[in-house]
Each structure stands twice: as structure tokens, then as C-alpha cells.
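J.: Residues per chain, in single letters:
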Amino acid sequence: MPYNRKVMEHFTQPRNVGEMKDADGVGKASNNVDGDLVVIYLKVKDEIIQGVSFQTFGCAAAIASSSMFTEMVKGKSIEAAQRIDKQMVAEALEGMPANKVECSILAPEAFRQAVEDYRQRKESSLRKNGVYLAKE
Amino acid sequence: MEHIYFDNSATTRVDPRVAEAMMPYFDKWYGNASSLHSFGREASEALDEARERTANAIGSKSQEIVFTSGGTESDNLAIQGVAFANRDAGDHIITSAFEHHAVLNTCRFLETQGFRVTYLPVTSVGMVDPELVKEAITKRTILVSIMTANNEIGTVQNVREIGGISHDNGLLFHTDAVQGIGKLPLEVNKDNIDLLALSAHKFHGPKGVGALFVRKGTNLRPLVYGGGQERGLRSSTENIPGIVGLGKAIELSKLELEENVARMTSVRDRIIDGTLVGVTGCRLNGHRVRRLCNNANFRFDYIDGEALVLNLDVKGFATSTGSACSARSTEASHVLKAIGIESEHARGSLRITLSKMNSMAEAEAYLETIKEVVTRLRSISPVAMLSKQEGGA
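Listed in order, the protein sequences are those of chains A and B. For the first sequence, position 21 matches number 8 in the numbering used here, and the numbering has no gaps at all. For the second sequence, position 90 matches number 623 in the numbering used here, and the numbering has no gaps at all.
Hints are computed from structural coordinates only; laboratory data are not their basis. Just so it is clear, the structure is predicted and the values come from calculations on it, not from any experiment. Wrong hints could be hidden among the right ones.
Output of the computed footprint for chain B on chain A, the stretches with three or more beta carbons under 8 Å from beta carbons of chain B [what the hints assert, rightly or not]:
#1 45 to 55
#2 63 to 73
Now the in silico label distances, taken between C-beta atoms and shown as ranges [claimed, not checked]:
#3 E78(A) with A851(B): 25 to 35 Å
#4 A85(A) with G750(B): 46 to 56 Å
#5 K(-7)(A) with A894(B): 28 to 38 Å
#6 F617(B) with K(-7)(A): 46 to 56 Å
#7 V20(A) with V822(B): 26 to 36 Å
#8 E78(A) with R748(B): 53 to 63 Å
#9 G117(A) with V810(B): 55 to 65 Å
#10 S657(B) with V20(A): 46 to 56 Å
#11 K904(B) with E(-4)(A): 17 to 27 Å
The beta-carbon is built from N, C-alpha and C at its ideal position, and this holds for glycine as well.
With the hints as extra help, turn the sequences into a complete structure.
T.: In C-alpha cells:
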């Protein structure tokens, strides 16, 4: 059960918390078994993550890993950010109790949803302006 | 920062008078109670005195007290002891679904040994219905085991009535009274108890020592064989300092019962009422009236119990929760499940358990902090926001 200092620090003083009203993309991921829920908000410019925030319902590990995840993706390209997984988050937090690593899975999942949302919004706004994207 | 200890159902601080009483048996009278010399005699006399104090506190005879290593061993000795010694008489045991694991897992083990066990359901406020005990009795029943008071939600059972039903049907009645000592006026004869388990560290005594009251004439098979100490029921050199500590602690808890109960009750009521009024989206788990004087157990919407406990700890309050998250699933405790709280609502459970050493000032400090902590955790949680959007509770 005991968490290290780094985890406790991100739990007590989480970075990038809260709803982002003018987000370019919003993603949600939940665990239906127990109701854990993470929401990720993104601000994107030229495929670079300019801003990110989160809201999490879950244990201390879920909150700390959401906080760390947002720190890790900030300033990165979408492509690079999508490669960040729960293990990398746990490592950045200098280790997580073994049974808690799974708690950090929701932030990357919510992030992928947020990227998806961002892409859809972008596509539909381009369409509105009469621009059609060539399908691969 | 000052730390406030609100986890007294987990364990308590040793009363300084208890520690003082124990000291000579570490460094002065360290003899083995079985030895013939003066060291042995001192130990043996201390053992007798502790046994008498323990017996006095629960209204039994000295010879009916068996010292053990704690509540878990006492429960095991009672249940396994009765089961294996009375196999000819029957093979059925009645207990409840929200007993302590020391009872539940002993019963589960007995099921692997060919015994049958009925786990009675409890009501939504955590009461065992004595009528259900009556209905569950069969010709093969040998033992009824119902806890005196629940360790998580603090509900106090109708022990006397359930014991009476057991006796009317010729059955033995065991109760895990680990949480009851020092908080309830228990009397084994009046309360129709044949076997009663207690543990010193729950009432300001030391850890590693407990006792089992065994009514005279009750057949038990021991768990441990050896030199025949404790009338053959619990071989092993007696833990004299621990037993002396238990004796002193239980004597004090009996002498000061009224005053301690009054004090804990008023602090508990302030905590319960203050929390329910001061924090939105919060409910009490368990019975409002039939509950231990030291127990408050809440559930808070939209937040996780572990996060709550850790955050309160950072703020200087030691508490506990009945929801443990691990590997992607948060399991509500068997107690919360037994009172019908689904995992999702058991998420934000918080247990506060007091002792005679807690004060009203600590309750006030907690009431300030709990609001702040709940507000902070809800500001992180999207569930509060989403349910507002949906117009939900």
C-alpha cells in the first residue's frame, strides 16, 4: 500500500487539474467495474500539445498518475504523446505499488479519446469551411 | 504538525498505567510461571491476578478465562474448538455474513472439514435479526457465533437475545467481543454467552495478547499442544507482561466505563452530526442509535476512500476506509457488501473510530478539515461535475 514521495506529491498537489472550457479535444475513459473515471482536455496547435488538463475519480494512484501523465504529454507532439503508456507513467513516478500500476491505465486511454475528438472536430470544421480531406 | 489518531478500532495507544504495570515483568520478575522458584511464583501470582481482573470485568469465574495471543486466536479456539470437540453432536454452525475475518475464515475452513455453515444476512443498517437465528437452527446445529459489535460500522447486536435463543435450543453461543470491551457493559451470564473473545490492544492494552472466556463445562479441542498451560487449552509459556497488561487494561476499562462511554459518545455525535450537516453528498453507514460509542462510518459521493484517507493523513488525521482499490477493481469490504452497499457507493467510505483519549477539540479540527478535503477531492473528480450536468444527485 505505501506510496513513495513522488506519488504522494502528485496526489496532494496534482498538476493541470480541472475542466478546460475552450479545449480542442475532450476524452473520457472509465472502468465499468468500479466507476473509476478520467477526463482529459487538450489544446492543440500544429500537432503539438499546447495545453492539457484532467479530472479523475479514483484512488490516489489514479490521481497521481493522471497528474504525471499530463506533465509528460505537455509540449509533445500528438504522435509522441500517444506512445506514453502506464508503465512509463509509473516509472516517471519512481515506481508504483504492483497492484496499483493498473490504476494509471485510464489517463492514456482518455488521452487517445481526446485526440480522436480533436481530429473529428478539426475535420468537421474544415468541412464547414469547404475543405475536404483526402482519405488515405 | 500534530497527529490526531482516529483509528482506534484498528488498535489503540497503550494506557501509560498499563505500560507501567507491565514493566516489572520484563526486567524484574521475568520468571516462567511454571517454575518453582520465587521468580516463577511472582509470575504465577501475576497470572492469577490478571485472570481475576479479566473475569471480574466480564462477570465470569477466573477458571473460565484462557489467555491467548489475541482476538483471532480466541475466535479460532472457540469455533474450531467447539466444532472438533462436538462433532458427534452435530456439524452445523450459524454465524453472520459480516463477522470479522477471524470468524468468517475459520468457518470457511471448517466447511472444508465437512462442517456446514449458515451465514445469516444482516439488515441495511447492519443488524442480525434474532428471528433468523431461530429459523436457521437445525438438529445438527452445535454453535451460534454472532459478533457483539461490528468492527467497521459499529452496529451493536442483540447478543443477549441471540444467546437466549441459542440456549433455549441447547446450543453454545460464541461472540467476538473484540470491539465491545471498554465500550459496552458485557456480562457473560446475563448476556447468555458461553464463549467470548477479546483482545487487549483494542482497549489500551498491549498487542499480542487476548483471552477467551469459556463457560465451565464447555468441551473444546485445543489448537496448540504442548506443556498443558491454560488448563491444556493453550499450551505455551504464558506471556506474563502481556497478560498483566491485559488484566490492567480491562480492569481500567471496566472501572472507567461510564465516563469513557459518555466522553466518546459526545465526541462521536459531534463528528456524525457535524459531518452530515457540513458536507453535502454524505451518508452514515450503519445504525444511528445501536452503534458503538466510538464509531462513525460515512460514505461520500464522487470520491474514493483511499484518496480520502491519504489526504486526511496528510492533514494529520489517521482514519481508515472500507474500500480497497487494487488492480483495476475497487472491492467494497464484505461488511459494506453485507449491508447492501454496492461497490460504486462504497467507494467513498470513511471510518472514524475514537478512544477515551480523543477530545472534542479534535472533533472540531476534523470537521474543519473534512470539508476542505472533500471539496478538494471533488474538485479533481469529474463525477461531481458530470452528475451536475445530468442533473443527478
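J.: Would you mind marking each hint as holding or not holding in the structure?
T.: Cross-check of the supplied hints:
no., hint, verdict
1, 45 to 55, "holds (count 6)"
2, 63 to 73, "violated (count 0)"
3, E78(A) with A851(B): 25 to 35 Å, "holds, 31 Å"
4, A85(A) with G750(B): 46 to 56 Å, "holds, 51 Å"
5, K(-7)(A) with A894(B): 28 to 38 Å, "holds, 34 Å"
6, F617(B) with K(-7)(A): 46 to 56 Å, "holds, 51 Å"
7, V20(A) with V822(B): 26 to 36 Å, "holds, 35 Å"
8, E78(A) with R748(B): 53 to 63 Å, "holds, 59 Å"
9, G117(A) with V810(B): 55 to 65 Å, "holds, 59 Å"
10, S657(B) with V20(A): 46 to 56 Å, "violated, 23 Å"
11, K904(B) with E(-4)(A): 17 to 27 Å, "holds, 23 Å"
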